[in-house]
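Engineer: Given chain P's structure and the hints, the job is docking chains L, F and S onto it.
Protein chains: 4
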Amino acid sequence: MNRLKRIEGQVRGIQKMVEEDRYCVDILVQISAIQSALKNVGFAVTERHINHCVSDAIKQGEGAETIEELMTVLKQFSK
Amino acid sequence: MNRLKRIEGQVRGIQKMVEEDRYCVDILVQISAIQSALKNVGFAVTERHINHCVSDAIKQGEGAETIEELMTVLKQFSK
Amino acid sequence: MNRLKRIEGQVRGIQKMVEEDRYCVDILVQISAIQSALKNVGFAVTERHINHCVSDAIKQGEGAETIEELMTVLKQFSK
Amino acid sequence: MNRLKRIEGQVRGIQKMVEEDRYCVDILVQISAIQSALKNVGFAVTERHINHCVSDAIKQGEGAETIEELMTVLKQFSK
Numbered sequence: 034m035n036r037l038k039r040i041e042g043q044v045r046g047i048q049k050m051v052e053e054d055r056y057c058v059d060i061l062v063q064i065s066a067i068q069s070a071l072k073n074v075g076f077a078v079t080e081r082h083i084n085h086c087v088s089d090a091i092k093q094g095e096g097a098e099t100i101e102e103l104m105t106v107l108k109q110f111s112k
Numbered sequence: 034m035n036r037l038k039r040i041e042g043q044v045r046g047i048q049k050m051v052e053e054d055r056y057c058v059d060i061l062v063q064i065s066a067i068q069s070a071l072k073n074v075g076f077a078v079t080e081r082h083i084n085h086c087v088s089d090a091i092k093q094g095e096g097a098e099t100i101e102e103l104m105t106v107l108k109q110f111s112k
Numbered sequence: 034m035n036r037l038k039r040i041e042g043q044v045r046g047i048q049k050m051v052e053e054d055r056y057c058v059d060i061l062v063q064i065s066a067i068q069s070a071l072k073n074v075g076f077a078v079t080e081r082h083i084n085h086c087v088s089d090a091i092k093q094g095e096g097a098e099t100i101e102e103l104m105t106v107l108k109q110f111s112k
Numbered sequence: 034m035n036r037l038k039r040i041e042g043q044v045r046g047i048q049k050m051v052e053e054d055r056y057c058v059d060i061l062v063q064i065s066a067i068q069s070a071l072k073n074v075g076f077a078v079t080e081r082h083i084n085h086c087v088s089d090a091i092k093q094g095e096g097a098e099t100i101e102e103l104m105t106v107l108k109q110f111s112k
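Protein chains in written order, with the working numbering: chain P, 34 to 112; chain L, 34 to 112; chain F, 34 to 112; chain S, 34 to 112.
Don't take each hint at face value.
As the list claims (entries may be wrong) - Under the rule of at most 27 angstroms between Cα atoms (straight-line distance), these lysine-lysine pairs were calculated in the BS3-like manner:
#  : chain 1 : residue 1 : chain 2 : residue 2
1  : S       : Lys49     : F       : Lys112
2  : S       : Lys108    : F       : Lys112
3  : F       : Lys72     : P       : Lys108
4  : L       : Lys108    : P       : Lys112
5  : L       : Lys38     : L       : Lys112
6  : P       : Lys72     : P       : Lys38
7  : L       : Lys108    : S       : Lys92
8  : L       : Lys49     : P       : Lys72
9  : L       : Lys112    : P       : Lys38
10 : F       : Lys38     : S       : Lys72
11 : S       : Lys49     : F       : Lys38
12 : L       : Lys112    : F       : Lys108
13 : S       : Lys49     : S       : Lys72
14 : L       : Lys72     : P       : Lys49
15 : F       : Lys108    : P       : Lys92
To be verified - Coverage of chain P stretches by chain L, computed from C-beta distances (three or more under 8 angstroms per stretch; other residues unrestricted):
#  : region
16 : 39-48
17 : 63-72
18 : 81-91
19 : 102-112
Unchecked claim - Not everything, but these chain P residues come out facing chain L in the computed CB check (under 7 angstroms):
#  : residue
20 : Met34
21 : Val51
22 : Cys57
23 : Val58
24 : Ile60
25 : Gly75
26 : Val78
Note that these hints are calculated values from the structure, not bench results. Note that CB positions come from ideal geometry on N, CA and C, so glycine has one too.
So that you can see chain P by itself, here it is in the shape it has in the complex (with noise of 0.2 angstroms):
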C-alpha cells in the first residue's frame, strides 16, 4: 500500500514536470522509476499469490486451473 501510495505521487510528479515543459529524458527516467516501482509491486502481489490461492489449491489437488490463471497473468506482466 504504502509503495503504491508512493507510485502515485510520482505519476503527479511526471505531469508537473509534463506542465513545467522539464527536459524530455529527465521525464524518461522518472517513467523508467515508475515502470520499475510498478513491477516490484506487482511481484510483491505474483509471490503473495502463488503462497496462499495457487498453494492451497493444488494441495486440494485443484492446481491445474490456478496454474493456467497464473500462467496467463505472468505473461501479461511479463510483456
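Structural biologist: Leaving out everything else, chains L, F and S in the frame of chain P:
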C-alpha cells in the same frame, strides 16, 4: 497529460483493490494495464525528444552526445 | 526442443543479415522475433516447473524455498 | 558478430540442457542470459542505425519517415 491523469486514476484504483482485498490476479491484470499505459507515454515522450532535441542537435552537427544520452535512457526504459 | 532448434536457426539468420550488411531495421525486427520466441520457451519451462517441482514441493509442505527460488528466476526472466 | 556467435552457442547450450533433462530453474537462468545478450545486440544495432541512417535522413531534412520507422521498431523491440 490526459494519459498521465488516467494513469494516476488507475494507480488509485489499485490502491482501492488492495484495501478491499480483491483477488490477486485481478490486481495483476490492472498493474499490467498501467505498465502498458506508461510504456505508451514513454514512447510518446521518446518520439517527441527525437523529433526535437535529437534532430536539432544532429542538424547542428552535435548529434553524438545527444544520441549517446538517448541510448542510455532507452536502455533504462526498455529494461 | 523444436522451438530451440528454430531459435538457433533464427540466430544464424541474423548473422547472415549482419554479414550481408542488411538494413538495421530489418535486423532489429528479426531480433524482436527471437526475443518473443525465447520468451515463449521461457514461459513453457516456467509452467512445466510450476506443474512439477513447485507443485510437488507444496504438496510435501516444503513450498516456501521453491517458491522463493521461482520468484528470483521470474524477476530475472521478466527484466 | 562475435556476440551473435556467442548467442548461437548459448542457444545450443540450452538444447543440451533440455536433452539432459536439467533443472528447469537453471534453464530459465540461461534463457534470461540470452535475452540480455540479445537486448545488447539490439541496442548496438539501434545506436548504429540512429548514428547513420537516421542522422543522414535528418540532415537531409527527411527525418520524419525514418523516425516514425525507428519508433515502430523500438516499440516492437521493447515489448
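Engineer: Hint by hint, say whether it matches the structure.
Structural biologist: Each hint, compared with the structure:
Between Lys49(S) and Lys112(F), the direct Cα distance comes to roughly 25 angstroms. Compliance with the 27 angstroms bound is thereby established for this hinted pair. Proposed proximity of Lys108(S) and Lys112(F) is supported: the alpha carbons are some 16 angstroms apart, at most 27 angstroms. For the given pair, Lys72(F) sits about 9 angstroms from Lys108(P) by alpha-carbon distance, which is consistent with the 27 angstroms threshold. A distance of roughly 16 angstroms separates the Cα atoms of Lys108(L) and Lys112(P); the hinted pair therefore holds under the 27 angstroms criterion.
Distance hint between Lys38(L) and Lys112(L) is fulfilled; the C-alpha atoms sit about 24 angstroms from each other, no more than 27 angstroms. Proximity of Lys72(P) to Lys38(P) is assessed by CA-CA distance (about 15 angstroms); at most 27 angstroms being required, the pair is judged to hold. As the CA atoms of Lys108(L) and Lys92(S) are separated by approximately 25 angstroms, the hinted pair is consistent with the 27 angstroms bound. A threshold of 27 angstroms between alpha carbons decides the hint, and for Lys49(L) with Lys72(P) the separation of about 18 angstroms falls inside it, so the pair holds.
Between Lys112(L) and Lys38(P) the alpha-carbon distance is near 23 angstroms, which keeps this suggested pair within the 27 angstroms criterion. For the proposed pair Lys38(F) and Lys72(S), the alpha carbon gap of about 20 angstroms is at most 27 angstroms, so the pair holds. Taken as a hint, the Lys49(S) and Lys38(F) pair is honoured in the structure, with Cα atoms around 11 angstroms apart against an allowance of 27 angstroms. In summary, the hint linking Lys112(L) to Lys108(F) is supported, as the alpha carbons are separated by about 12 angstroms, within the 27 angstroms threshold.
A threshold of 27 angstroms between alpha carbons decides the hint, and for Lys49(S) with Lys72(S) the separation of about 23 angstroms falls inside it, so the pair holds. Taking the CA atoms of Lys72(L) and Lys49(P), the gap is about 18 angstroms. The hint holds against a cut of 27 angstroms. Distance restraint check for Lys108(F) and Lys92(P): the Cα-Cα separation of roughly 25 angstroms lies within the 27 angstroms cut-off, and the hinted pair is therefore satisfied. Check result for the region 39-48 of chain P against chain L: holds, 6 residues qualifying (beta carbon to beta carbon below 8 angstroms, three or more required).
Counting residues of the region 63-72 of chain P whose C-beta sits closer than 8 angstroms to any C-beta of chain L gives 7, which meets the bar of three, so the coverage hint holds. Residue count for the region 81-91 of chain P with a Cβ under 8 angstroms from a Cβ of chain L: 4. That meets the three needed, and the coverage hint holds. Counting residues of the region 102-112 of chain P whose beta carbon lies closer than 8 angstroms to any beta carbon of chain L gives 6, which meets the minimum of three for the stated coverage. Restraint check, Met34(P) versus chain L: the minimum CB separation of about 6 angstroms is within 7 angstroms; hint holds.
Contact between Val51(P) and chain L, as hinted, is supported at the beta carbon level, the nearest pair being about 6 angstroms apart and thus within 7 angstroms. Satisfaction of the interface hint for Cys57(P) is found here, the shortest Cβ-Cβ separation to chain L being roughly 4 angstroms, below the 7 angstroms cut-off. Satisfaction of the interface hint for Val58(P) is found here, the shortest Cβ-Cβ separation to chain L being roughly 5 angstroms, below the 7 angstroms cut-off. Look at Ile60(P): its Cβ gets to within about 5 angstroms of chain L, closer than 7 angstroms, so that hint holds up.
For Gly75(P), the suggested interface contact is upheld, since its CB lies about 5 angstroms from the closest CB of chain L, less than 7 angstroms. A distance limit of 7 angstroms between C-beta atoms decides the matter here; for Val78(P) the minimum to chain L is near 5 angstroms, and the interface restraint holds.
In this structure, none of the earlier numbered hints is contradicted; all agree with it.
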